[in-house]
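Student: This is what each chain is made of:
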Amino acid sequence: MAISRNDIEKVALLARIKVDDDQVTALEKDLGNILDLVDQLKSADTSQTEPMAHPLDAVQRLRPDVVTESNQREAFQAIAPATENGLYLVPRVIE
Amino acid sequence: MQWDVVIGLEIHVQLATKTKIFSGSSTAYGAEPNTQASAVDLAMPGTLPVPNEQAFRYAVMFGLAVNAEIARRSVFERKNYFYPDLPKGYQTTQLERPIVGPGHVDIELADGSQKRVRIHHAHLEEDAGKSLHEDFHGMTGIDLNRAGTPLIEVVTEPDMRSSEEAVAFARKLHGLVTSLGICDGNMSEGSLRFDVNVSVRPKGQEALGTRTETKNLNSFRFMEQAIHQEVERQIDILEDGGTILQETRLYNGDTNVSRSMRSKEEANDYRYFPCPDLLPVDIDEAFIEDARSRLPELPDARKQRFMEQYGLNDYDAALLSNEAKLSAFFEDTVRHGKDAKLAANWIQGEFSARLNAEDKQVAESPISTEQLGGLVIRIADQTISSAGAKKVFEALWSGEAGSADEVIEAKGLKQVSDTGELEKLVDQVLAEMPEQIAQYQEADEKKRKKLMGGFMGPLMKASKGQGNPKLFNEILQRKLGG
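These protein sequence lines map, in sequence, to chains Z and V. Going from the first sequence to the numbering used here is simple: count from 1 and add 3. Going from the second sequence to the numbering used here is simple: count from 1 and add 16.
FYI, nobody ran anything at the bench for these hints, they're computed from the structure. Since this is a predicted model, take the numbers as computed values, not measurements.
Beta-carbon label-pair distances, calculated as ranges:
#, chain 1, residue 1, chain 2, residue 2, range
1, Z, ASP10, V, GLU112, 18 to 28 Å
2, Z, ASP10, V, TYR45, 37 to 47 Å
3, V, HIS149, Z, ASN9, 28 to 38 Å
4, Z, ASP33, V, GLY105, 14 to 24 Å
5, V, LYS34, Z, VAL96, 28 to 38 Å
Glycine residues also receive a C-beta, built at the ideal position from the N, C-alpha and C atoms.
Go ahead and model the full structure; you've got the sequences and the hints to work with.
Tutor: Structure representation (structure tokens):
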């Protein structure tokens, strides 16, 4: 199955990955191959198969509602690029 | 042209758990920024989420309270988008298999009729952090204390047809989750946030119009205003021959202005997929039965009981039963003051008006149920007039005195109900008002009512404000031949 340059550019934008024109050409081929493989998988008859949400046949363990974490702000903020008044600073976001 | 309004709601309910949905960080409100943000909440590499059992219990309790099917297996998915207050780059939420399936809530409308609003589903998810856009040298500050706070998002069917219905539903839901004790209901702190989906269509048309979504309304008043404004905006556009853009809008309650929030189409492509870090969650019968056994009396049942136990009418019972705290305040006041109807009137009237005016919760009331009950007793046994009762209420509210009896004593509010004494006063006053009497006797029924007030003033003055107005009225009517 072919994937268009437009699709690749859109996916790259959504993932915030910068992709230049040469790479798009290469990705067209690589992603196309992957989609071919998916097409091949899709040809298997799954009408009797319950869709899986997870490959492991296990269920989630739940945790009691008890506070187990302590304040480690100093340690976390020591590795942050910019902080002030206990806040993490990021480039301004305007909505 | 006549237009139909169609409204659906999405409500984010912050669950009153002690810890976050996927980590053991505290969820207490008001902590110093980022002191309740652990490695999991910060999306540090190598961390894994473990879901909070209490969040599931609360979601199941909600589901049972809205008559919904509880999913025996639910699945978490990733909703991908980039925003700095979402460190993982995705929100962990539920999409295909939410914990709570279809249900319904019945609301009371102003005309006394009932309406059923269907719940499409409710799912568990995590809240994001907070972005502070004040100026940090041209940067944005991020506080992740709220990141990972458990929410249930309740999604209704588009069953509401006016802002009044939407607000009635919102109030009902607020009463429900606070009665359940699964949410503190504090809207100004964001514990309950409403997104409204609004569309309009020509009257009689079956197909729905294009809808817009207005996000994050955190008061009933703002919600009502935002809906009004959006309905008008859409009708104006359509009547001018334009088309409605499906978009997300932001409403500013302080300025009563809304604006478009997201224009980029890409922004809405969330690329959901099942979260590989979390296994499916299975809920068994024992868990559901345990949750059921924790359900307290809910507003609908409480309303029924108020009508039977206290003889309240439908309207009073509905208003007093919705919020658990107000209900408890009412019942306690009746315990002290005996007369349920009077207690109901005072709590819905003077008491609620003062709370609203001062933006206070029931729990912050400066007046206790014992004090209000004491006031009710003195109104019921006619010790004070309604004017006197207002003065007593004021004094109790402002903390001038400890009890109704103290105020009545200190301010001399005890009304005189001795008929002999009152009659003497009436005779004295009437002796000086021959002209008014003549005027009264010539007047017709309607005018007489008005003229009666002309006698009451001097009478109240003569009795130093202590004469029982009801008795004065009776005596007057008799003497004047009314």
